[in-house]
Amino acid sequence: MINFLNQHGSELIIKTWEQIYISALALFLGILVAVPLGIILTRYEKTAKYVMSISSMLQTIPSLALLTLMIPIFGIGKLPAIVALFIYSLLPILRNTYIGMNKVNKNLIDAAKGLGMTTAQSIFKVEIPMAMPIIMAGIRLSAVYVISWSTLASYIGAGGLGDFIFNGLNLYNPALIIGGTIPVSILAILTDYLLGKFEKKVTPVTKSGVKK
Amino acid sequence: MSTAKDTAQEIVSFRNVAKKYRGGSVGVENINVTIKEGEFVCFIGTSGSGKTTTMRMINRMIDPSKGKITFKGHNIRHYDPVKLRRTIGYVIQNNGLMPHMTIQENITLVPKLLKWPQEKMDKKAHELIKLADLPESFLDRYPAELSGGQQQRIGVVRALAADQDLILMDEPFGALDPITRDDLQELIKHLQEELGKTIVFVTHDMDEALKLATHIVIMDSGHVIQDDTPDNILQHPANDFVKDLLGEERLLQAQQNTLSVSDIMSTNPAKITLGKSLAEAIRTMSLRHVDYLLVTDDDNKLKGYIDLETINERYSKDASVSDIYNRTRMKFKKDSYLRDTSEKILKQGYKYVPIVDKDNYLIGTVTRASLVNIIYDAIWGKEELDNPDEIKLPASIAKGSDKS
Numbered sequence: 001m002i003n004f005l006n007q008h009g010s011e012l013i014i015k016t017w018e019q020i021y022i023s024a025l026a027l028f029l030g031i032l033v034a035v036p037l038g039i040i041l042t043r044y045e046k047t048a049k050y051v052m053s054i055s056s057m058l059q060t061i062p063s064l065a066l067l068t069l070m071i072p073i074f075g076i077g078k079l080p081a082i083v084a085l086f087i088y089s090l091l092p093i094l095r096n097t098y099i100g101m102n103k104v105n106k107n108l109i110d111a112a113k114g115l116g117m118t119t120a121q122s123i124f125k126v127e128i129p130m131a132m133p134i135i136m137a138g139i140r141l142s143a144v145y146v147i148s149w150s151t152l153a154s155y156i157g158a159g160g161l162g163d164f165i166f167n168g169l170n171l172y173n174p175a176l177i178i179g180g181t182i183p184v185s186i187l188a189i190l191t192d193y194l195l196g197k198f199e200k201k202v203t204p205v206t207k208s209g210v211k212k
Numbered sequence: 213m214s215t216a217k218d219t220a221q222e223i224v225s226f227r228n229v230a231k232k233y234r235g236g237s238v239g240v241e242n243i244n245v246t247i248k249e250g251e252f253v254c255f256i257g258t259s260g261s262g263k264t265t266t267m268r269m270i271n272r273m274i275d276p277s278k279g280k281i282t283f284k285g286h287n288i289r290h291y292d293p294v295k296l297r298r299t300i301g302y303v304i305q306n307n308g309l310m311p312h313m314t315i316q317e318n319i320t321l322v323p324k325l326l327k328w329p330q331e332k333m334d335k336k337a338h339e340l341i342k343l344a345d346l347p348e349s350f351l352d353r354y355p356a357e358l359s360g361g362q363q364q365r366i367g368v369v370r371a372l373a374a375d376q377d378l379i380l381m382d383e384p385f386g387a388l389d390p391i392t393r394d395d396l397q398e399l400i401k402h403l404q405e406e407l408g409k410t411i412v413f414v415t416h417d418m419d420e421a422l423k424l425a426t427h428i429v430i431m432d433s434g435h436v437i438q439d440d441t442p443d444n445i446l447q448h449p450a451n452d453f454v455k456d457l458l459g460e461e462r463l464l465q466a467q468q469n470t471l472s473v474s475d476i477m478s479t480n481p482a483k484i485t486l487g488k489s490l491a492e493a494i495r496t497m498s499l500r501h502v503d504y505l506l507v508t509d510d511d512n513k514l515k516g517y518i519d520l521e522t523i524n525e526r527y528s529k530d531a532s533v534s535d536i537y538n539r540t541r542m543k544f545k546k547d548s549y550l551r552d553t554s555e556k557i558l559k560q561g562y563k564y565v566p567i568v569d570k571d572n573y574l575i576g577t578v579t580r581a582s583l584v585n586i587i588y589d590a591i592w593g594k595e596e597l598d599n600p601d602e603i604k605l606p607a608s609i610a611k612g613s614d615k616s
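Chains E and D supply the protein sequences, listed in that same order.
The numbering used here applies: residue 1 is where the first sequence begins, and numbers increase by one.
The numbering used here applies: residue 213 is where the second sequence begins, and numbers increase by one.
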């Protein structure tokens, strides 16, 4: 272990950073697109069906295949990896946002409108806060997916902890495989934990005496 | 509108309003209703009758496809829908409180949208929680921590937070137990009667409508069937649908409650004029099979009564009715309600009471027998009276009558 760290320590830090960088960017873009899209889709029921099936279809493409499919378009490196992972992150976030917004009690939306809230006020003050737990569940799921799948991104030259694992496989060096895998798992678990904390913070309080 | 009979200003009017949905299905059609300030209007009908649709058109939750709706004299199309809704209170079933806002935030939701200063909102919240008859400590709680009835109390007072004059209520108490519902009905009746709010109330519960409303609009499959005061609807149901909606029992009860004595009196009372002789009086009594006569003057003004007992005691050949008649003890004006008079007759043991018009002219009598008929109807229902065969006699009597 100490040996491994001595030998690969600095590399490990760089690769972990790359992994974080790729996944975070992909996830961030995913949230940026999927949450607003999910909200908009609740206003267009018919379009929603098509968009949902398209994004479900994208999800069925094997991850390795999707990554390689990006090469003709974006070449190799970080960009195609980020784009591919972004596509993967879309579905869970989109679906949960859509379901979460649709599951908001229709009575509340009716009350909000009837009391004189504008559509934007209703969305930001009532619907999003109410849908927050479900939207966050989608984001957490996507985050874990993206972090573990970004390991494969090394295959198309994006770097990251996948480099350790693929090198380990090629050289038949278990130390490298484990050394790459453990940080990925830790990263995924840690991210999920932190997002869980964040979820608590953004989920609206509905009982008095509960501190954020 | 110059046609308004009362001094009350109209606040909402529907003129030939229709709503057609995409695909051609008709929501409502040909709605012409005028709502005056201070009224408690109930829209009542079965589900799908268009009552909720009609109500929701007032604050532009639904826009009519045809016709004109005015609010305070102006076509509602000329209002910005968001601003219009902020000036009209809105209460829905299952309260519609925001679970993530405290009671105070919920109450002051509309004032906040209107950007009131904080102190004014605080003051309003305290004022309204008192009106809802709930402790001020509730202001910091969340809706989930209140009972269903308490939540709906908040839902009701929230509709007043920005001093709205008109409040729309869509079956607000449908989900509450009967006792809680009674309490809340009293609360909103108070809002209408004491605070002068105009309330438009949608319900399918006829008891609720009759209890609260000053003006009932009965709807069926998108049309207004009857638009009148509760009393008039009970007395003159427009058609069989309204009768069904009211129910046999209520109609009979209503009859008792709203019938005036002149509706059931006999118009041919046994009577005699002052100048007649006592012999004549006795003859009239035996002809009419009664032991009393009402005494009138020649113009048919009621003077009093004379009965067999008095004649017996004070009979003399030359005496006339005017010598011995008794001044009348009890009489009713012809338009007094039966509900106010029947008890007096029954409890005080009068066999009959003369009915007079406003100038004291005798126009009829109400006898114990006529009252008994009404009560009989109310208890047994009219049907059985029409079909006397169906009245079940106790077994012993039935047997006896078979033999004979």
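Accuracy of the hints is not assured; some may be wrong.
[Stated by the list, open to error] Some chain E residues near chain D, calculated using beta-carbon distances under 7 Å: (1) L115; (2) G116; (3) T118; (4) T119; (5) P129; (6) P133; (7) A137; (8) K207.
Since the hints were made in silico from the structure, they are not lab data.
Note that this is a predicted model, so its numbers are computed, not measured.
We put the CB at the ideal spot given by N, CA and C, even for glycine.
Taking the hints in turn, this is what the structure says about them:
1. For L115(E), the suggested interface contact is upheld, since its CB lies about 5 Å from the closest CB of chain D, less than 7 Å.
2. Annotation: G116(E) was flagged as interfacial toward chain D, and the flag holds, the nearest CB pair being 3 Å apart, inside 7 Å.
3. Look at T118(E): its Cβ gets to within about 5 Å of chain D, closer than 7 Å, so that hint holds up.
4. For T119(E), the suggested interface contact is broken, since its CB lies about 9 Å from the closest CB of chain D, more than 7 Å.
5. The closest approach between the C-beta of P129(E) and any C-beta of chain D is roughly 5 Å, which is under the 7 Å cut-off, so the hint is satisfied.
6. Evaluation of the P133(E) hint against chain D yields a violated restraint, the C-beta minimum of about 11 Å exceeding 7 Å.
7. This hint is violated: A137(E) has a C-beta 17 Å from the nearest C-beta of chain D, more than the 7 Å allowed.
8. Evaluation of the K207(E) hint against chain D yields a held restraint, the C-beta minimum of about 6 Å falling below 7 Å.
Of the hints listed earlier, those the structure fails to meet are numbers 4, 6, 7, in rising order.
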